[in-house]
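Asker: The chain contents come next:
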Amino acid sequence: MTVEVLKPGLFSSFQDLGRTGHQHLGISVSGAMDELSHRLANLVLGNDEREATLEITLMGPTLRFAVQATVAWCGADLSPAIDGTPVPRATPTPVPAGATLQFGKRLSGMRAYLAVRGGFALAPVMGSTSTYARAGFGGYEGRALRKGDVLGLKSRGLPGIASVSPGTAAAVQRLHDELSGLTIRVLPGREWEQFGAGAQQTLLSHPYRIAAQSDRMGYRLEGQALERSTTDDVLSEAVCFGTMQVPPDGQPIVLMAERQTTGGYPKIVQVASVDLPRLAQRAPGESLRFVLIAMEKAQALLLARERVLRTLIPAV
Amino acid sequence: MRVSEPSRTAGVRLLASGDQCLIVEFGRTIDLGINRRACAFARRLTTAALSGVTDIVPSFSSVGLHYRAAAVPLQGEESPLAALRRAVEAVLAAPWDMDEGATRLLEIPVCYGDDFGPDLDEVAQIRGLGRDELIRLHTATTGRVFMIGFAPGHPYIGLWDERFAISRRSTPRTLVPAGTVAIANRLSVVYSFDVPGGWNLIGRTPWAMFDAKRTAPCLLRPGDSVRFVAITPAEFAAMQRTGS
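So the sequences go chain by chain: A and B. Just so we're aligned, residue 1097 is where the first sequence starts under my numbering, counting upward by one. Just so we're aligned, residue 164 is where the second sequence starts under my numbering, counting upward by one.
Isolated chain B (complex conformation) (with noise of 0.2 Å):
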């Protein structure tokens, strides 16, 4: 969808953070459509490959671009900061394509529950659903990526209903599992290496989430399309063993 000078610019703020990141803010809120525009700037920029700027790095709401402000081209007295804003706003101005176009969807399989997802029957009982009801719940909303962060190919995936907005624990478990599928705030997450997290964990699933063998290291990406399919444990075995 190509669309409007008023509505591709409209609300988006540029806000430095600190002398080598500039923040193009699309909104404040966890939104898909905010979400959407975010990430098809991001995108955008990557084309526009403006001169200096080194990562590229959609969130929720907004699209961090780190820069080298000394490999800035800069025009007379201006500064980095004055030069990158002026390229970033001729590059918002043109026309770009809010659309995505088709995205890929990804069937990431989970063996819900027990030693995989030790927070399954807790975080039923606190909605009053059976474990398998909550699985068919889980399974049942095709999620987006927001965003990719907190390390190497871990997923921001949403939004589930409001069933599933429930908080983080007050206690973070010291370690997770790599694989591990959790959900707070009616996001899911999947843990991409063994860390500390605070996510209530519901499952597991045999995939890597990264791999920094693989040509692809990360297997998601922002703006991805993810459904989760329930597997026994039996087949969570059969996968891990035959690495697929």
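So here's chain A without its partners, still in its complex pose (with noise of 0.2 Å):
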């Protein structure tokens, strides 16, 4: 019941929806950066969200599947094939004991998630199977793929399900097509007032390019530097994936996924969680435009979304 790597692509990691609870330790929440797609691939196999998927970033792996699996994508199509063909995404797909699965040219986004049904035989750690990459715990061996490690299947002989019905797959078309876009909507931050309306109008009314050096940590981003109105510390408190941190050079970094879990630099905004799927499908190199929504609004379309997700839930 295992899957060999054959290569490990550019960055392969467990997640699922992050390690909480522990913050007050100082552990990272970590998880899937994309918390949407890594939803949408268990769903459509009929899995519970929480189980690990496989976070695929950029440039994907090449796995060798001992025995027959039935798997599912979702979010960046990084063309995955088994044995050389072409597998689409959200759909349920087997495959055959000694067949390989491989990824290829990047045709969209940044980070896919592979879901196997059943799940991945991963211990957690602290109630999670997220991978802690800078801590060196979870998912497996703390760490992304390396060529050569053997990935266990929980279960095998699972019934297949044949496909998705098609209101299912509308349904899930739907919410991908959320994760496209270069807007990013936000709320004020912790620190907003500070800037004063010159920064705010500018952070609102300019480009910002992700960086190379961002990773599943934080997203630097670079334009206009953003100057605070005061040079009044700011305390160490508890910071958020989407919290947008200003340190003194002006460059705001995005806190994401594997964030530290207290910031004391100034934070000027808050990326609404309903656009944190579509910020991590960003790629570097990509430029963001940002704007501003009400509380109120953000909250809505994070349960209008939580919705439609529930009627994906397969009845049990």
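The reader is advised that the hints may include incorrect statements.
[To be verified] Some chain B residues flagged as far from chain A (calculated, every beta-carbon gap over 10 Å):
#1 SER180
#2 MET261
#3 ARG267
[Stated by the list, open to error] Derived EDC-like pairs (lysine to aspartate or glutamate); straight-line CA-CA distance at most 20 Å:
#4 LYS1103(A) <-> ASP1173(A)
#5 LYS1243(A) <-> GLU1382(A)
#6 LYS1393(A) <-> GLU240(B)
#7 LYS1393(A) <-> GLU241(B)
#8 LYS1250(A) <-> GLU1100(A)
#9 LYS376(B) <-> GLU1237(A)
#10 LYS1201(A) <-> GLU1382(A)
#11 LYS1103(A) <-> GLU1323(A)
#12 LYS1250(A) <-> ASP1144(A)
[What the hints assert, rightly or not] Output of the computed footprint for chain B on chain A, the stretches with three or more beta carbons under 8 Å from beta carbons of chain B:
#13 1109-1121
#14 1221-1233
#15 1281-1291
#16 1393-1404
Hints are computed from structural coordinates only; laboratory data are not their basis. Note that beta-carbon positions come from the ideal geometry of N, C-alpha and C, so glycine has one too.
Both chains are given apart, each in its own frame, so use the hints to dock them into the complex.
Answerer: Quick look at the structure:
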């Protein structure tokens, strides 16, 4: 019941919905960068959405399945194919024993999520199978995959799912469509007022480019410097997925999935949670536009998405 | 100590930090009293186990509540933020114990100076103190773990007196070894991982601040009392060998 890693890809790591409940001890939540695609990949297979998926970055791995399995992927289109036959997005697809799943050219997005029916066999650490690479635990040996790794599958012989219903496919497609675009909705951050109208306008009216040194911990942005109208110290406090911090050089950093738990830089805005998956699918070199929305709107959008996702959870 | 209504809620502010985090702010300074209130309220919230809340993160002067907006129970047309705010206000207003009860005191062995703490002599010089005097002052204070942050198990401990009010280094080091004890701004930290760091390095402990394989991976928790105890390089080596 194993899968052998013939090529690891650029950075492929197991992730789930995150290691919550331990942030007071400095332990990062980690988890999927694009939680929406992670959940969809599981849901179309009938998996619990908390099952780990393989988060695949830009250049995907080559995996040989020793046993028959059923897989599905969502998120970035990195041209996956089973023994040369392309695998469509969000589609339960059988992999015959001995077959090879290979990723190829990037057609869209930044991260693909690969789920296997029944789940990958991984030992949870502190209640989660997410890889926390900086601390070296969780997922598969606390790190991204390497050539020669052997991945376990939880179960075999699960009844395969023939296909997803047309209604489900349409809903999945609509959710997937929300991942594209370069506009990111934001809310005022904790120190928004300290930045003054000038810096606020600058952030909302100029493009910011995702720098090459961006990773699962944070996206460094390059653009017009953002100046604070005070030099008061900001005390370290809890920070979130999507918190945009501004260090003294004025170039913002958006904290991502493997962020630290606390931060002491001023926080100008907070990315609306509904747009975190879209942000996670943007690659270094792309330029973002930020637009301010109201709190009520941000939460209403989240709840609306959640309602759609709930309709996709298979009846037990 | 049970406290009366006004001082329990006085000056406390509930502030949104994005659409899935609420900050309960008790003040805006590094202060033992404020931090005690924050840590006590964090414990109270942990007991309250509010639906939708995933993490309760005390820091110097506030508590961050991370929540999943879709998991907060709503009344009528209210937003998740309004519902959570209502729930937190209710917890805040009901009697809660600001006394921490018995806090743990941990004595952490530290080998000071030389390769273990390359900035010790410079700090002593800035302050016009001998290195032994600086070590004596550092080990004489019983500190409080204000918060854990930056990295797993990485504690912020304070407060030392004004002689420890020194800035961080202008150029951070690219690698600080795990176990290093460092000071700045009247606080001490203990690096839990090999990471870059900008604090002034004065010593190192053979103890691991974090080990994912332990039942309790983090050695310290917010609210713990900590005293540093000077050890020799030979003792450091022995402790490292035996892992005790």
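Asker: Mind listing which of the numbered hints don't hold for this structure, in increasing order?
Answerer: 1, 5 and 11
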